[in-house]
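Novice: Sequence:
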Amino acid sequence: MIYKNLSFPNGIILATGPTGSGKTTTLYACLDYVNTSEVNIITYEDPVENKMRGLNQAQIRADIGFTFASGLR
1 MIYKNLSFPN GIILATGPTG SGKTTTLYAC LDYVNTSEVN IITYEDPVEN KMRGLNQAQI
61 RADIGFTFAS GLR
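Under our numbering, think of the first position of the sequence shown as 1, with each following residue one higher.
Simulated from the structure, these hints should not be mistaken for lab results.
Among these hints, one or two may not hold up.
Straight-line distance between alpha carbons at most 20 Å, and here's what the computed DMTMM-like set of lysine to aspartate or glutamate pairs gives [claimed, not checked]:
# : residue 1 : residue 2
1 : Lys-23    : Glu-49
2 : Lys-4     : Asp-32
3 : Lys-51    : Asp-32
4 : Lys-23    : Glu-45
Pairwise CB distance ranges (calculated) [what the hints assert, rightly or not]:
# : residue 1 : residue 2 : range
5 : Gly-20    : Glu-45    : 12 to 22 Å
6 : Tyr-3     : Gly-65    : 29 to 39 Å
7 : Lys-4     : Ile-64    : 34 to 44 Å
Each residue gets a CB set at the ideal place from its N, CA and C atoms; glycine is no exception.
Using the sequences provided together with the hints, build the complete structure.
Specialist: Next comes the structure, spelled out in structure tokens:
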């Protein structure tokens, strides 16, 4: 079901749950599924837990003013 939703051109997928429930693993699996040479994927993470080829991963640095909000602007 989630792979079908990943193929839509728009929408949102929320991954929620307590610590240790697999949110990060699930999201990285989703990124791996959609990561092809035909797409440009940019992530804003705190912290970057897994470096992935083909992605533009940015580490949030609030100490220098690079926040989730500023990254999305």
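Novice: Out of the numbered hints, which ones does the structure contradict?
Specialist: No numbers; nothing is violated.
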